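Engineer: What follows is each chain in one-letter form.
There are 2 protein chains.
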Amino acid sequence: MPESLTLSIDAMGGDHGPSVTVAGAALAARQYGTEVRFLLHGDEKLIEAELAKHAVLRPLCEVRHTDKFIAMDEKPAQAMRRGKGSSLWNAAESVKTGEAGACVSAGNTGALMAIAMLVLRMAPGIHRPAIVAGWPTAKGITAVLDVGANVESDAEQLVEFAIMGAAFHHAVYKSARPSVGILNVGSEDQKGHDEVRGAHALLRATTLDLDYYGFVEGTDIAKGTVDVIVTDGFTGNIALKTAEGLARFFANELRAAFTANPLSMLGALLSAGSLGAMRKKLDPGGANGGPLLGLNGIVVKSHGGADARSYASAIRVAVDLARSDFTAEIDRNIKRLTAVTSETAPPAAPDDKVE
Amino acid sequence: MPESLTLSIDAMGGDHGPSVTVAGAALAARQYGTEVRFLLHGDEKLIEAELAKHAVLRPLCEVRHTDKFIAMDEKPAQAMRRGKGSSLWNAAESVKTGEAGACVSAGNTGALMAIAMLVLRMAPGIHRPAIVAGWPTAKGITAVLDVGANVESDAEQLVEFAIMGAAFHHAVYKSARPSVGILNVGSEDQKGHDEVRGAHALLRATTLDLDYYGFVEGTDIAKGTVDVIVTDGFTGNIALKTAEGLARFFANELRAAFTANPLSMLGALLSAGSLGAMRKKLDPGGANGGPLLGLNGIVVKSHGGADARSYASAIRVAVDLARSDFTAEIDRNIKRLTAVTSETAPPAAPDDKVE
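Those protein sequence lines, which keep their order, are chains A and B.
If you read the first sequence in the working numbering, its first letter stands for residue 145, the second for the next number, and so on.
If you read the second sequence in the working numbering, its first letter stands for residue 145, the second for the next number, and so on.
The set of hints was computed from the structure by calculation and includes no laboratory data.
For clarity, every value in this text was computed on a predicted model and none was experimentally measured.
Honestly, I wouldn't trust all of these hints.
Put simply, identical chains are the same to the list, so a pair is met inside one copy or across any two.
[Unchecked claim] Derived pair list, reagent style DSBU-like, types lysine-lysine, alpha-carbon separation capped at 35 angstroms:
(1) 479 to 367
(2) 367 to 283
(3) 283 to 219
(4) 197 to 367
Based on the provided sequences and hints, a complete structural model is requested.
Structural biologist: Rendered as structure tokens:
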């Protein structure tokens with residue numbers, strides 16, 4: 145039986161505020177019972193009005209009032225300057241003080257990242273945070289990171305992402321020894337730019353608690369070739385959004401194909417069950433809960449537009465991470481990495497980048 | 145009535161050699177009649193054996209024998225050293241001498257690029273070639289470039305891609321004044337790294353024969369927000385292959401959903417027509433014929449695994465480009481760009497890259 149865990153919730157974050165965040169917590173409470181308690185940060189009146197609808201949840205919650213909150217379009221720099229005392233800030237602060245084991249926010253990504261870094265600071269040995277996406281594949285879920293915390297990453301940062309991604313996959317998807325690939329334009333050693341080739345050489349040279357597979361290509365994501373795919377935040381963000389766009393396009397085309405004529409409409413009716421299951425499985429944006437990895441504390445970002453069910457799934461990710469040995473595993477691997485990088489830089493691959 | 149055009153064909157390139165390249169030419173010949181003639185480079189006996197099957201094609205062809213060809217796994221550096229006199233080399237050489245208006249090859253991308261650059265050289269004012277993909281979207285076809293000729297691109301090269309992509313879209317998809325976007329992690333001016341922000345500032349500052357839209361995100365590709373999407377070859381290659389992988393995953397899941405139970409199988413039967421049309425429309429790798437833009441001459445790359453129908457579509461792209469004012473348009477815009485960049489570098493956007 146796991147120990148009781150407290151989560152801090154930015155109840156005001158997201159497009160819908162407490163109506164979604166409190167209802168999401170209520171759904172999670174059905175699953176966890178008294179094992180998980182909640183600190184709800186935000187406007188007391190609004191939160192209490194929502195709590196009144198969920199009798200089971202009420203005794204599991206403590207409300208921390210603030211009338212300050214971060215707008216969904218607030219710039220990171222402004223959020224950092226003016227954010228102190230906001231529901232987002234206070235939610236992160238509860239993790240720092242140890243009152244909560246993890247925090248969840250559906251607030252805007254830039255502000256969440258800026259405030260979380262300011263309040264919690266980077267974990268020892270980690271240079272930059274990364275946002276990780278759980279990507280549905282033919283074989284299960286692949287963790288893809290970074291999908292937007294950074295616009296550029298050097299070789300060592302990519303290796304740190306590999307370590308954090310593996311610990312995340314192990315903690316949340318229970319893989320014994322996650323396989324890790326670096327996203328590239330080909331699988332041969334000489335392919336790609338200096339950053340990916342440097343990370344490739346470093347991962348080859350270091351013994352870590354992960355199974356380094358080598359380079360993977362874009363087609364390998366949906367195949368589920370590896371458990372963890374490492375990339376810089378620019379490429380990862382574009383790959384994820386390209387896939388989300390295609391998934392939406394696909395859903396629209398499918399709808400159009402099924403309403404093209406009476407025969408196909410009948411066909412759609414007959415196939416509705418299997419198709420619905422498929423659709424849910426396909427959207428890379430479907431699995432909610434993108435942790436910000438690399439901080440001194442667990443912070444999970446929910447989609448801003450999440451509904452209660454989707455918000456509950458972000459809560460579940462936070463619970464899984466808080467209950468795992470996630471942080472210790474990262475720490476152990478970072479120490480091994482530092483031992484290698486401080487000794488000697490690995491030799492660069494030959495300079496033949498032409499495909 | 146267009147003038148007669150001669151295409152040079154690397155008849156040995158691709159996984160299937162003359163059995164596909166000659167059959168593809170035969171399909172194209174049905175459409176173009178005597179308006180398009182072919183120079184077929186490769187093993188005379190093998191080519192003649194295939195030509196014997198296509199009576200209509202035979203009088204439109206001249207066979208140029210060589211028993212040298214580039215293997216599909218040959219490294220670019222090796223292909224450059226040893227490629228002289230090969231079917232691929234000779235096909236490019238025919239464009240250089242002016243015997244052919246364009247060439248088509250299904251040979252390996254790296255070797256084709258290396259040899260084409262060596263034989264044809266870069267067009268005036270263009271620093272690097274780009275491979276362009278015709279990407280099916282909700283609104284038509286968006287030209288995405290670069291999808292793999294380069295691993296890194298600076299701001300000026302991205303602007304050159306914009307110019308080449310717009311000329312390509314105009315020539316092949318007949319858009320009057322193509323809209324162009326730069327792929328980024330957000331749409332605001334301060335988003336992204338120096339290269340995309342520099343290109344953004346340059347395109348804002350220059351008056352070109354194109355409609356500069358601004359930054360677009362990954363989700364905008366499938367939406368068809370713009371006619372041309374510009375990105376570096378690393379990101380473009382990964383976005384394209386991610387989408388190809390996802391499209392294949394969709395197709396498999398769809399098949400699985402339709403065979404899940406007898407009812408859904410009946411459903412599939414009833415909807416077959418509309419679904420087949422949809423499937424063909426969705427695969428970003430489905431439209432064959434990726435030109436190598438930026439050279440002194442038109443070179444179109446076909447998929448190595450193309451069948452005759454798909455090879456014919458690569459031939460059609462080559463014909464459209466050869467018949468258009470594509471080259472003159474690029475030249476005109478490059479001159480305008482050079483006028484701006486030689487005057488003064490545009491001011492960089494403010495240094496606030498955090499999302």
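Engineer: Decide, hint by hint, whether the structure agrees.
Structural biologist: Structure-based check of each hint:
no., hint, verdict
1, 479 to 367, "within (32 angstroms within a copy, 45 angstroms between copies)"
2, 367 to 283, "both (7 angstroms within a copy, 28 angstroms between copies)"
3, 283 to 219, "between (38 angstroms within a copy, 33 angstroms between copies)"
4, 197 to 367, "neither (43 angstroms within a copy, 40 angstroms between copies)"
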